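Chain B: place on chain A using the hints.
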Amino acid sequence: MTNQFSVGDEIIVREAFPQGHIRTPHYIRGKEGVITEVLGEYNNPEELAKGIRDAPKKTLYRVRFAQKTAWPDYDGPEKDTLDLDIYEHWLEAK
Amino acid sequence: MPNRPPPRYHDLGGQDAGPIEMEEHTIKPWVRRSDAVKSLLSDKKRRFLTTDETRHELETMGENLYFGLEYGERRMIALMNVLTNKGLLSQEEIDQKIEEIYARLGIEKKIEKSA
Chain A
1 MTNQFSVGDE IIVREAFPQG HIRTPHYIRG KEGVITEVLG EYNNPEELAK GIRDAPKKTL
61 YRVRFAQKTA WPDYDGPEKD TLDLDIYEHW LEAK
Chain B
1001 MPNRPPPRYH DLGGQDAGPI EMEEHTIKPW VRRSDAVKSL LSDKKRRFLT TDETRHELET
1061 MGENLYFGLE YGERRMIALM NVLTNKGLLS QEEIDQKIEE IYARLGIEKK IEKSA
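Residue numbers (this note's numbering), protein chains in the order written: chain A, 1 to 94; chain B, 1001 to 1115.
Bound conformation, chain A alone:
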């Protein structure tokens, strides 16, 4: 399996609101960030939540967001960032 993204790539988190067990926080959906690490392939928790263990694995990335991007009313320093681990199928190329 090849990774769709590499370190340094700019991405947008999918702005989707499906049912089921979703580990991508609501507040970050639709926000822009940068890949800082490719963490490897893991079972997809959305499938595991249905008791399915043999679904295709998904690449997990560490993505960095500006706090100001995540929280528009953030009043801390501009350079503050937030790192989240997000699965590939929740990311789109910017």
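Treat the hints as calculated values from the structure; they're not laboratory data. What you are looking at is a predicted structure, and each value in this text was computed from that prediction instead of being measured. We put the CB at the ideal spot given by N, CA and C, even for glycine. One thing to keep in mind: the hints can contain errors.
Calculated lysine-lysine pairs in the DSS-like style (CA-CA distance at most 25 Å, straight line) [stated by the list, open to error]:
hint: 1; chain 1: A; residue 1: K57; chain 2: B; residue 2: K1038
hint: 2; chain 1: B; residue 1: K1028; chain 2: A; residue 2: K50
hint: 3; chain 1: A; residue 1: K31; chain 2: A; residue 2: K68
hint: 4; chain 1: A; residue 1: K58; chain 2: B; residue 2: K1045
Listing some non-contacts, in silico: residues in chain A with all C-beta distances to chain B over 10 Å [said to hold, decoys possible]:
hint: 5; residue: N3
hint: 6; residue: F5
hint: 7; residue: V7
hint: 8; residue: I28
hint: 9; residue: I35
hint: 10; residue: T36
hint: 11; residue: G40
hint: 12; residue: E41
hint: 13; residue: K57
hint: 14; residue: R64
hint: 15; residue: P77
hint: 16; residue: Y87
hint: 17; residue: H89
hint: 18; residue: E92
One side only, chain A facing chain B, incomplete, derived with CB under 7 Å [stated by the list, open to error]:
hint: 19; residue: F17
hint: 20; residue: P45
hint: 21; residue: L48
hint: 22; residue: A49
Coordinates of chain B only, in the frame set by chain A:
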């Protein structure tokens, strides 16, 4: 951003959380035990359930239960729901066991049957 629904009740990121309780709290023995049972049921040898299945139960049990119960209690309910949904345990078996435990401890209280 059109049609952006509010977060579901368990998705708390960004909400005011109030003050942090700084007091040490003890974990009740039954909470430890039920967590151990869950770990054994989902280990590589048994694979009866996944942690994400119990998380999904927590996220669909409704906010009254989710916020009304203590951490260990709602996890116990989630585990029970997963096991009964899979047919590994029946509600009758669980109720019967609870009655047995009440009897053993000499407690009169009967379980309230859910409607």
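Verification of the hints:
no.	hint	verdict
1	A/K57 to B/K1038	24 Å, holds
2	B/K1028 to A/K50	30 Å, violated
3	A/K31 to A/K68	11 Å, holds
4	A/K58 to B/K1045	24 Å, holds
5	N3	23 Å, holds
6	F5	23 Å, holds
7	V7	25 Å, holds
8	I28	8 Å, violated
9	I35	21 Å, holds
10	T36	20 Å, holds
11	G40	18 Å, holds
12	E41	16 Å, holds
13	K57	14 Å, holds
14	R64	16 Å, holds
15	P77	19 Å, holds
16	Y87	12 Å, holds
17	H89	15 Å, holds
18	E92	15 Å, holds
19	F17	5 Å, holds
20	P45	5 Å, holds
21	L48	4 Å, holds
22	A49	4 Å, holds
Violation of the numbered hints given earlier is confined to hints 2 and 8; the remaining hints are satisfied by the structure.
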